[in-house]
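These protein sequence lines map, in sequence, to chains A and B.
Going by this note's numbering, the residue at position 409 of the first sequence is 409; the numbering climbs one at a time, nothing skipped.
Going by this note's numbering, the residue at position 65 of the second sequence is 65; the numbering climbs one at a time, nothing skipped.
In short, the hints are calculated from the structure, not lab data.
Some clues are possibly wrong.
The calculated lysine to aspartate or glutamate pairs, modelled on DMTMM-like cross-linking and capped at a C-alpha distance of 20 angstroms, are [stated by the list, open to error]:
hint : chain 1 : residue 1 : chain 2 : residue 2
1    : A       : K381      : B       : E69
2    : A       : K108      : A       : E309
3    : B       : K72       : A       : E174
4    : B       : K71       : A       : D4
5    : A       : K233      : A       : E209
Listed below are the residues making up each chain.
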Amino acid sequence: MERDLVIIGGGPAGLAAAVAAYDAGVHDVLVIEREAKPGGVLKQCIHNGFGLTRFKESMTGPEYAARFVKETQARGIEIMTNTFVVDLTADKTVTCRNESGIFTVRAKAVILAMGCRERSKGALNIAGTRPAGLFSAGTAQKFVNVYGLLPGKRVVILGSGDIGLIMARRLTLEGAKVECVCEIMPHSSGLRRNIAQCLDDFGIPLYLEHTVTEIHGKERVEGVTIMRVDEQKQPVEGTERYVPCDTVLFSVGLIPENELTKRAGIALDPRTKGAFVDGSRETQAEGIFACGNVLHVHDLVDFVSEEAEIAGIGAAEYIRGGQRAKEYVPAAAGENVTYVLPQRVDASAQRVQKIYFRVRSVMRNAVIKVQAGAYEKRIRKPAVAPGEMEHILLPAGVCGGVKEVRIDVLAAEE
Amino acid sequence: MEEKKMICIECPRGCELTVRTDGKSVDVSGNFCPRGKKYAQAEVVCPRRILTSTVRARYGMIPVRTDGEIKKSEIFRWMERIRAMRIDRDVKQGEVLLTDDDEGIRLIATASYRNEEGDNAAF
């Protein structure tokens, strides 16, 4: 099979990329989705709060997904479900598997939109046996919201990522008792509003600088030992506390799902754990683009959609016009910045380029400083936090001939 | 004068609000937009929330939400009613599944559901 554009993944990124590419003039688009329905993880994210930035209304996950599914249907974009992509090469051959067998699709351009998966308990090295009752927060979410099954009745949550916070509330609503949320860092990695509306609303304690050091129970979880940690994240002796529970949820981070990216030999950034990309979200393999959580983990789906549109337009331009010469300028993470994305911008681009970044630590009264040669801009922010992605807009034409674009986050001078 | 700090939940910005009340007036600071002020005022008088959950149907779960904010104190009463429901028919996204008698707030489906075996498979 030959297609103009193949998009791997029918979640929020893949759907938005498909619509954007179609509207930019590429109508032969195939979205490949491994599950029975498009929408990705939004299908199980039944809570509201999606779409506030983009649509100025608070939507639930299924509603947000349905809006994009309808857009693809209106354009007649094909979404091939129950189909798993098993291989990808740098020359844009996509090998797929489904009920009808194994087949390949040769594409003029590919967009990677595979999303991310949860870090597992295994990555944490916690002592103890392997009883029933250990779940990643997203798995528990699927059990409750999709299958209608309650994973347990007395729950401890390790990690204060947004899915863990959302599940603390969800399990409480369904009649479980959530004993506490333990976070090893001195601050939560989740959104502040989720601590307010998911924990504080229900009187669920959040223990910062605490971790689970042992899981007790043979057949089923019977309890956990939690301990305070010091600045080096080492448990402090004498702070042990036993908390009886039958279930432990892990909400300890997300990892971009880049197995196919690696198979295609595309270079990954160790900081984002996604591909290196330029302003149009093209990877270092010509004609292969990436967007959404496979590129870097986002905290808001609104930004996933926006980034997917950049990739969709980039792919459409590539298909219609071929590769044009780009003038690359690296984008550098300066003071108090963990990473910037894209990692390089195109100085010859005729449009504004949006650069996302994450700060290293919580800061009040911060100033974002953007510098590209003689161009300098400072933006004041009342507060920044690692869990909340920031962005700047880089005007067209300011990067010509400069060595780098650099973003620093500094303390405001009062 | 009573002073209270709270995080605004209206949007992901999560403004840190300071609310001062003397019984009659409510003074809000720290809000970036008017929604923060409204939220804080409601929060000291009668906190309200959108409730989202799932309703059990014959071949799967239907995600639902209230179409307006319900009183925070009513959340578990609503949950009892939601948990008692059983759906055995097709449902369209946006369809009303339950109407609250007191305030006219309705429970609506946030996804369509087809009452057929296999159609609601997660994978």
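Problem set entry | Distance restraint between A:K108 and A:E309, which requires alpha-carbon spacing of 20 angstroms or less | holds (18 angstroms)
Exercise. Is B:K71 close enough to A:D4, meaning Cα to Cα at most 20 angstroms?
Worked result: Outside the cut-off at roughly 52 angstroms; violated.
Exercise. Does the structure keep A:K233 and A:E209 at a Cα separation of 20 angstroms or less?
Worked result: Given pair A:K233, A:E209 holds - Cα atoms ~8 angstroms apart, limit 20 angstroms.
Problem set entry | Restraint status (C-alpha distance of A:K381 to B:E69 at most 20 angstroms) | violated (31 angstroms)
Exercise. Can the restraint linking B:K72 and A:E174 be considered satisfied, given a maximum Cα separation of 20 angstroms?
Worked result: Holds, because 16 angstroms separates the two Cα atoms, which is no more than 20 angstroms.
In the structure shown, a violation is registered for the earlier hints numbered 1, 4, in ascending order.
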